[in-house]
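Undergrad: Chain residues, written in single-letter form:
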Amino acid sequence: MQLHGWEAALFYVLAIMTLFMAVFVVTARVAVHSALFLISTLVNVALLFILLRAEFVAGVQILVYVGGVMVLFLFVIMLVQTRAEEEARVRLYTGQTWPAVIIALLLAVSFYFAMNPAQAAFRPPEGPQVVAAETSERASAGAGSNISKDTQEVGEQLYRQAALPFEIASLLLLVAMVGAVLLARGTKQEKYYE
Amino acid sequence: MLKLVWLIPVLPLLGFLFNFLLGRRLGLSERIVSVVACGVILVSMLLTFGAFYEYHWSFNPANEDKPYITTNDGFPNSFTWLPGGAAHDSLGKEAGAPSNFNIPWSYQIDQLSLVMMFIVTFVGFWIHVFATGYMHRDKGYYRFFAYLNLFMFMMLLLVMGSNFMIMFIGWEGVGLCSYLLIGYYFDRQEAADASKKAFVVNRIGDFGMVLAICGVFATFGTLQFHEVATRSAAYSTEQLWQFGLMSWLALGLFIGATGKSAQIPLYIWLPDAMAGPTPVSALIHAATMVTAGVFMVTRTNFIFQRSVTMMMIVALVGCLTAFIAATIGITQTDIKKVLAYSTVSQLGYMFLGAGVGAFIGAIFHVFTHAFFKALLFLGSGSVIHGLHHEQEMPRMGGLKKYLPVTYKTMLMGWLAICGIIPFAGFFSKDEILWKTFSTNIFGGAKILWVVGFITAGITAFYMTRLMGLTFWGEERFRKSHNEGPASHGEHHGPVEPHESPRSMTLPLIVLAVGAVVGGWVGIPAALTGGANANLFERWLEPVIVKVDHTTTEPAPGAHPAAAPAETAAAASAHGEASHEVDPMEYLLIVLSLAIALGGIYLGRVFYVKRPDLPKVWAAKLRPLYQLSFNKWYWDYLLDVKGVEAVKAVDNALFQVDAEVVDGGVNGSAWVTRFWATVTGWWDKWVIDLAVNASGWITRAGSFVLRTVQTGFWQNYVLLFALGLFLILLYYVYPAITTTIKSFTGK
Amino acid sequence: MISFIIGSLAYVAPLLLQAQGPLLKRFEPTLINFLMLSFLLFVVGVAGVLSRRNIIIIFMSIELILNAVNLNLIAFSRYLEVNKDALAAKGLAVNPLAGPVFTVFIIVVAAAEAAVGLGIVIAMFRNRETVAIDEIDLLKW
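Residue numbers (our numbering), protein chains in the order written: chain L, 1 to 194; chain R, 1 to 746; chain E, 1 to 141.
Okay, chain L solo, but in the shape it has when bound (with noise of 0.2 Å):
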């Protein structure tokens, strides 16, 4: 697995911005602004998983992620909105920030290491590489008589091989919600409805 040419490009592009995008959102001041910033940074990931041939879960990804969730964030940022942050006085980190710098520092260090010389392994074994032909084909041809198989192949998957902690996880979001309401449901609303 290679990336050639402008995906190359791209590739550097997107990891970039994923990675600023990902240290705004550590870092902003409003809540506000870090969630906008994590949209960001999700549609960069999401634009990745289309680089890597994962269209459906890119789609999954902006779908479920920036259309569901970060809605939901922004709900509750608004909602419990003290825009005590906006003020310079109040502390936006707490005491150990240093130490966790330190530790992600030394993490990314040993992460380096073990890649170094880890390289080797994770090269391409030798061998026909199917896609790159594919890719190369459709990317010389353009996207209008190629249609990614990508969705079809995972659906299957999913109802499949996966039906079962697909169903899992139904029950699972299922409880997540009733859960969610019974926590959000205050004291006052209880009263109301009875």
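Pairwise CB distance ranges (calculated):
#1 R/694 - E/93: 55 to 65 Å
#2 R/690 - E/126: 42 to 52 Å
#3 L/99 - R/692: 31 to 41 Å
#4 L/75 - R/695: 44 to 54 Å
#5 E/93 - L/75: 41 to 51 Å
#6 R/724 - E/86: 26 to 36 Å
#7 R/683 - L/99: 46 to 56 Å
#8 L/81 - R/695: 42 to 52 Å
#9 R/722 - E/126: 30 to 40 Å
#10 E/126 - R/717: 22 to 32 Å
#11 E/91 - L/171: 34 to 44 Å
#12 R/694 - L/81: 50 to 60 Å
#13 L/171 - R/722: 30 to 40 Å
Calculated from the structure, these hints are not laboratory results. These numbers were taken from a predicted model, which means no experiment stands behind them. C-beta: ideal position from N, C-alpha, C; glycine also.
Use these hints to put chains R and E onto chain L, whose structure you have.
TA: Structure of chains R and E alone, referenced to chain L:
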């Protein structure tokens, strides 16, 4: 009429219920109450006569000793009263044999119970009639007659019951009625005390009685009299100084009898019981209830006769009681007290008779005594009534002309109790004395005869004294009545004695006739020259079991009637075989007549001819006089010394308690405390140290460790990330070294 | 603004890459690059979780971490798909589609977690009037 015997006790019960439940609520008049109360007794009496006639009519030699038992006649004659279920014998020869504790409610009609029923209903009826006059205008009129009827019910149960349990109900029931009637004037302290005393003393006797009944069931597996009689034939006679099973049973029963029949040592309640109304004294404490003990001993003679030791004890106790009570009677001044001690004395005679084997004589004396003692009591009641509740004899005298009917009837009773020849008392008393003299159950009975003989003289003496102080001599009631404490009378001021109303004199006349002719049913064979058998003896003969007292072997046949004839003659001289008359008997008759007349003469001299003599002789025989006057100090012993002794025993027990028991307790407490100290030290310095040390260590460790517990979860996540880093480092450590080498090694 | 500049660069970069040919070939991203990106994203998320006070932002950081994992999964999936035949020749049968499927489940779990977590945040805010994590310290000794 035998089918109707169940009515005999039930009618008085109905009378009781009627008067007791409705008497107060409806405010029944005296007339209704008395008619109901006397009416039910009258019907019972007639039914008794009917039963007597029918039983006698169906009486024949073939089944002469078969009692009529209502077990098979069904309700209401008989029913299973206590269905106790299966049990087993635990004593005696058949220990372990299965038995059945099903107590039927049934009556036994035989010669003995018929005699007793006759006494109870006949004398009871006339005393009821007397009481209608005596209790006139008493505010508890209905209550009195209700209790009297209840007493009649219980007494009839006692004599009619076919087993020990029914008899025991009656036994306790008459005790209850006795208590209620002694305490009839419950607003008077002495009456309340006397009733309590009677009740408590009777309980002591009943204790022995209950034990004996339990023993009887444990031994024989049944409580029916006739079955026990049959089964007891398997037991041999226990000789003198032997004390086996039969003796224990007899002892228990006799303790009950001493309580009920006022024998030594439990006689003390009877004189005090005179606090009750006089008809009660006549009915319960002279004629019927107190003779229940004699009846019971006779009824259970099949047990008593199998223990020579107990027979001797019974005779001894009876004899002593007769003598002591008679000596006390000499000096008492209360007319009813004298009669009470006379009753105790006569009961002693009865037990003397029973003890020497003359059960029939004892019952005969019960029969005659019921007449003349009831007569004497009613007569005294009439006197008391006439003198407005004056009971002290020193304040009477010369009442002969004021109370002519009472005087004449009491004269009959006096002669009867003294034992003058044609009167009732002579025959019965003479019978007992002769049997005492001639018995061969145990040796030395002649000493008992001597005591009984002297007692007969004393009896004549004190009864003459009673008559002399009451009816003859100088009229003292006028002068003494004002100065003395007006204890018993409602009316004060000078009194004029008056004859009692007809309702009271009629019973006196009837009973006086009974006192004269009552003895004629038992004229001894000796007086007819051996021509005719003693009727009364002949009648009661089947009830008495014939037991050979000389051998320890059980009778060969199962049935007591099959006992050898020669032992029957030895046990009590009766039946066809004993018609030839011992010449000694004539001598004894003459002797007892002589001593009776001597006693009467002495009494006349002392209390009529020369009224100054008693004081002289009392001074001369001061210790004896004091002994008699203080009732042999028996009450004093019981009330004062007995209490002191009990206190001393209690003190001793307290000392034991304080020294030994408390010492043991305190000692064990001290040991426990010492040991507790030791273990406490161990606990404190070793166990607790270990516990505390572990606690301290934990605390110290936790003091360090809990600094990690900041409650700030991002700290935890930081540690989490650190751990992640360390794990990662562990895995990539070779890669790091090779990388560094690749940089530096170049 | 920055993203706009970088976005415009994206149009220039392919030309540069193609022009340089083999030189730039070294910089063509492979699986390693994706893993690097994923890990950096993860580290940024961890740093956020560890250092911020606002619970909501911490939640967002968690979303970042989850996305890093997603990216990882998808990258490996692509790698396996591309080299499927070669691996089969080596005797390794692989299922490259397991990655996307698993990613879908992770997204589901993330959504559920966000729903419940934010419900808790609301309930807590209602009771404590704060969303600062270091003020919520009842668990402290």
